[in-house]
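Given the coordinates of chain A, work out where chain B should sit on it, guided by the hints.
Going down the list, the protein sequences come from chains A and B.
Under my numbering, residues 16 to 279 are what the first sequence spells out, in order.
Under my numbering, residues -14 to 452 are what the second sequence spells out, in order.
Do not take every clue at face value.
What the hints assert, rightly or not - Here are the simulated distance ranges between beta carbons:
id, chain 1, residue 1, chain 2, residue 2, range
1, A, ASP46, B, MET431, 45 to 55 Å
2, B, THR376, A, TRP166, 51 to 61 Å
3, B, SER256, A, ALA19, 48 to 58 Å
4, A, ALA19, B, ILE429, 54 to 64 Å
5, A, LYS183, B, THR153, 24 to 34 Å
6, B, VAL181, A, THR38, 31 to 41 Å
7, B, ILE259, A, GLY101, 49 to 59 Å
8, A, ASN36, B, PHE307, 27 to 37 Å
Stated by the list, open to error - Below, computed lysine-lysine pairings styled on BS3-like, alpha-carbon distance capped at 30 Å:
id, chain 1, residue 1, chain 2, residue 2
9, B, LYS180, A, LYS183
10, B, LYS154, A, LYS44
11, A, LYS86, B, LYS164
12, B, LYS241, A, LYS176
13, A, LYS86, B, LYS154
Stated by the list, open to error - Derived contacts from chain B toward chain A, CB cut-off under 10 Å, selection only:
id, residue
14, GLU220
15, HIS238
16, SER239
17, LEU240
18, ALA243
19, CYS247
No lab work stands behind these hints, which were simulated from the structure alone.
Glycine included, every Cβ here is placed at the ideal spot set by N, Cα and C.
So you can see what is in the structure, the chains are spelled out below.
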Amino acid sequence: MSLAAEAFVSQMAAAEPWPENATLYQPLKEDQILLSDSASSLAVQTYLRMCGLPVQVVCRPNAEYMSPSGKIPFIHVGNQVVSELGPIVQFSKAKGHSLSDGLDDVQRAEMKAYMELVNNMLLTAELFIQWCDEATVSQITRHRYGTPYSWPLNLILAYQKQWEVRRKMNAVGWGGKTVDQVYEDVSQCCQALSQRLGTQPYFFKIPTELDALVFGHLFTILTTQLTNTELLERVRSYSNLLSFCRRIEQTYFESQKAGGAPSP
Amino acid sequence: MGAVHAKSMDPLPMHGKDLGVNPDDLMEHPEPEPDAKQEILENKDVVVQHVNIQGLGRTKEDLLGYEISDVFNAKNLIDVMKKAHIARQRLLRLGIFKEVEVLIDTSEGADALPNGLDVTFEVNEIKRLTGSYNTMVGNNEGSMVLGLKLPNMIGRAEKLTFQFSYGTKETSYGLSFFKPQPGYFERNLTLNMYKVTGQFPWSSLKETDRGVSAEFNFPVGPTSHMLKWEGVWRELGCLARSASFAVREESGHSLKSALSVCIHIFTPGLSLLIRMSILSIELAGFTGGDASFFKEDFELQLNRRLFWDSVLSASLWGGMLFPIEGKPSCIADRFYLGGPTSVRGFGMYSIGPQSEGDYLGGEAYWAGGLHLYTPLPFRPGRGGFGDLFRTHFFLNAGNLCNLNYGEGPRAHLQKLAECIRWSYGAGIVLRLGNIARLELNYCIPMGVQSGDRICDGVQFGAGIRFL
Chain A
16 MSLAAEAFVS
26 QMAAAEPWPE
36 NATLYQPLKE
46 DQILLSDSAS
56 SLAVQTYLRM
66 CGLPVQVVCR
76 PNAEYMSPSG
86 KIPFIHVGNQ
96 VVSELGPIVQ
106 FSKAKGHSLS
116 DGLDDVQRAE
126 MKAYMELVNN
136 MLLTAELFIQ
146 WCDEATVSQI
156 TRHRYGTPYS
166 WPLNLILAYQ
176 KQWEVRRKMN
186 AVGWGGKTVD
196 QVYEDVSQCC
206 QALSQRLGTQ
216 PYFFKIPTEL
226 DALVFGHLFT
236 ILTTQLTNTE
246 LLERVRSYSN
256 LLSFCRRIEQ
266 TYFESQKAGG
276 APSP
Chain B
-14 MGAVHAKSMD
-4 PLPMHGKDLG
6 VNPDDLMEHP
16 EPEPDAKQEI
26 LENKDVVVQH
36 VNIQGLGRTK
46 EDLLGYEISD
56 VFNAKNLIDV
66 MKKAHIARQR
76 LLRLGIFKEV
86 EVLIDTSEGA
96 DALPNGLDVT
106 FEVNEIKRLT
116 GSYNTMVGNN
126 EGSMVLGLKL
136 PNMIGRAEKL
146 TFQFSYGTKE
156 TSYGLSFFKP
166 QPGYFERNLT
176 LNMYKVTGQF
186 PWSSLKETDR
196 GVSAEFNFPV
206 GPTSHMLKWE
216 GVWRELGCLA
226 RSASFAVREE
236 SGHSLKSALS
246 VCIHIFTPGL
256 SLLIRMSILS
266 IELAGFTGGD
276 ASFFKEDFEL
286 QLNRRLFWDS
296 VLSASLWGGM
306 LFPIEGKPSC
316 IADRFYLGGP
326 TSVRGFGMYS
336 IGPQSEGDYL
346 GGEAYWAGGL
356 HLYTPLPFRP
366 GRGGFGDLFR
376 THFFLNAGNL
386 CNLNYGEGPR
396 AHLQKLAECI
406 RWSYGAGIVL
416 RLGNIARLEL
426 NYCIPMGVQS
436 GDRICDGVQF
446 GAGIRFL
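With the rest of the complex left out, here is chain B:
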């Protein structure tokens, strides 16, 4: 087999996992090759004759065709390498291959052109079944969690996951089936079936949900959309004998069917998430049939880089719940506010309407935050662990209330603007990956209304979604 031109050019890595090199990096390649060789490298016109994938087991080839088809359009060698790299990333994001290696060779065979190339992707499929077993210890409860995953079940990147958690207090499980559209991985369908239980000590409430849901995601330009239908059998109960009567009145079973639309607009520096749902909750025949709600909430976040590596971030959340037939809303659907993940300085979800110490949530809320993130003073551990930490100065404000729907929008806005709770302070933030965050803050709550529970002084928070 003939020497591969690409192989003989040392500086350009062609094999292996560490092809984490960006197309831009490739462009920067500044090696001072003698002119003739450089010419071969950059200006030679090539034609990609064959693109092969080797190592397929159960994956169907038509699925992959879309991901690699762009490689055929490459006009010169650099282009081939760039497009091959992009195709490799696309294959990896399907989640069905453990590793993908790219091999570029001159083409051979009877129909080989002098400037023809063959690109081969050598793939290693993920095992058919993976499992995991964990034990978890949490709030006075221990549990055993068993997870099973069947990636690429039928050959077109479908995924079936099953998780089962057996604990000293509660048992929960979930089965999920994910199917992307071949060729458009971002357009996908997920079907879920689950039972989850939750305990909410701030409301003395416990909730058990058994439900099914179907979710369809699709991108439109720079935005991502989700359509979801969910049918849930919801059981509410009191967490303790001392629960207030208002919470006790909400105990019992109900059937909820909800259709929701969620739009996520994400551009550098700006993120906007809007969610609207139409909920239908079937309740007592006594009151004449179904009750429906229209629930809407949004989250807006703006980030801007300032001098000296610091970032200014502003966020605004809000939501409203409109009952459609005059039936009172259910405690499990209302909004809650307060705590280390929303308005800091207050107890967890401990703002707003309450009865005997149990927080009942509200039908409308807004919350805003202004944050300044800076690197740690004196930058300890720079370049390593210290980079995960940030100091953070914040100003949070928010309000949560129920509305009287006869009064019109003006009265609603007025009500939300009265009795604003707000707080300010500073602390340290630790980012865990791109997902979770730990915070340790010193907070000073202000605008506290009677009935709110505050947590002034040091407050610790861990979570995914922070104001």
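Just chain A, same shape as in the assembly:
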């Protein structure tokens, strides 16, 4: 968002407190949602739970088209519609809820750098595996993406999205990579995260949006079935990341199970 638009949204947001009926929209969980979207959605849900902000998750088949930026997930709060984790963090900050206020400037810069790493590496790798690996595309992705539509629209939309993602991969320089190279990149990213995490419970003293983002991606990779288990194994080989995911799941999701909150 441009600076002026950000300032405007902040002003509008600051006017009202977080309502009870805030809603988060994502594609259908059972049949339609893909790995990358599921990871992004889980990251936002985790962040909002960490802030203690209530949000209801609603599944819509056209969520991607409803979103103002075309990306999942987006939240509908009062009159506002905000999509993607970055703007949502800004939005909640304008309403007075923030996780990274306790950090100093150096730490905040470091946090942003790691978030960029996750977005540029993990998210791009997920997109690559979903849309550029022939086996995955033909067996899983195309079929899932077109589930809500009937023939021939399901094929047309799936192919259209595939070309769009491939163009994006070429633009960021991943067009020539092979799947194995991508797995290597994922391993390297996990290694960097693992080293930064070390033996601490969170990346910084308190849970921040970085924790939410990393949890979202890693947990989804660990619990999603793909054509092979290569990606899963690579992530699983870092035990401190595994325990990190387990810890966050227990703290923010399972503890509220008794209250009826759905697990991710």
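Just chain B now, with coordinates in the frame of chain A:
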């Protein structure tokens, strides 16, 4: 070659394009010829021996046979001329000839009868390919429009048209193939393939349709019928970031397949158009499969000439959309009401259910209008430009709402009768040809409900279909 009797009779024009003379005019021909000559003209029995068409290139002759066959039945000279004239009109309406000239001559050759005639139609075919190129500037958008037409493509009056519009915001195109049945031009088939985009600021909605359609027209007595199947890939989106959430929820893709029947009954003074469609829209698998709608609407118009060149016109429109499987209707299928072309005095399509200023349309509506058209006061420019203008006094009323389908027809009618919006006023109408109309009206809207947007005072309207 012998002198042609017809040619020597001056007052009767036989050649050329200006055969715009009506059969009735021919009858009125009052020249005081000497009796003998008049007798030759009117009472002589003739036999049409040959009817030829000259100048055909790619047109197939069997197509034309139907149009000109009636000329053979003429019994006397006046009849021949009348029937030849009608045949000429029929040839021209095929749209494949630039001009048609009729030549009537005595017949020659070995089998020529003394009272035999040969009728020859000299035709000039339209070029194989015509093109046009325009640039258009409209609402904040400029575009370049390229049109190509191939008339009479294979020889039986088929027509292929292609139009392509490339604009700063949107691109659209359409390909259309038209084939009439040889001998019954009014029975024809049209196949279309198109992509069109539309922007609807009153709903903050933009729509892109890519589709194919097949349409079959046929007349039955005085009525004209149309059967159409249409398959469209429809994409809806928000026009602005500030669109209401109700409109945002409708964004996305859907596939629509619709079968419609349209009946048009047209007699002098009365015009009735009824359209019924069965729409099937494939939506989310989440909700269990297809949703279907039955949509019906009608337009009725009655005109009556009154004293002093004025015309009283009454019109009634109505429509209803029934979802069949309980699925909510789509914003692009609902009806809209209001504006200079329907209930005047209100903003464009700005009546009825709305959310945050975006009008969502309704599932049922009716609208009625009563108009009195008179020539301009003091009749300036009479006989020329001034005749295109009319003063017009109107009374419009209408209502648009959604219905709760559990409640039965009585409740529906009651709901449509509550909260009627109406308006009255006067203005000037300019007719452009037989198709378009421009209006400038002073309107006073009444019965305004909260949420409607009005345009009281002067309102300008341009369009084709007016209430």
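So, going through the hints one by one against the coordinates:
1. ASP46/A to MET431/B: 45 to 55 Å: For MET431/B against ASP46/A, whose Cβ atoms are near 52 Å apart, the range 45 to 55 Å holds.
2. THR376/B to TRP166/A: 51 to 61 Å: Cβ of THR376/B to Cβ of TRP166/A: about 56 Å, so the range 51 to 61 Å holds.
3. SER256/B to ALA19/A: 48 to 58 Å: Because 54 Å falls inside the window, the suggested range holds.
4. ALA19/A to ILE429/B: 54 to 64 Å: violated (42 Å)
5. LYS183/A to THR153/B: 24 to 34 Å: Holds, at about 25 Å.
6. VAL181/B to THR38/A: 31 to 41 Å: holds (34 Å)
7. ILE259/B to GLY101/A: 49 to 59 Å: holds (55 Å)
8. ASN36/A to PHE307/B: 27 to 37 Å: Check passed, 32 Å falls within 27 to 37 Å.
9. LYS180/B to LYS183/A: holds (26 Å)
10. LYS154/B to LYS44/A: Violated, at about 35 Å.
11. LYS86/A to LYS164/B: violated (46 Å)
12. LYS241/B to LYS176/A: holds (21 Å)
13. LYS86/A to LYS154/B: holds (23 Å)
14. GLU220: holds (8 Å)
15. HIS238: Holds: closest Cβ of chain A sits about 6 Å from HIS238/B, inside 10 Å.
16. SER239: holds (8 Å)
17. LEU240: holds (4 Å)
18. ALA243: violated (15 Å)
19. CYS247: violated (26 Å)
Hints 4, 10, 11, 18, 19, counting from the list given before, are not met by this structure.
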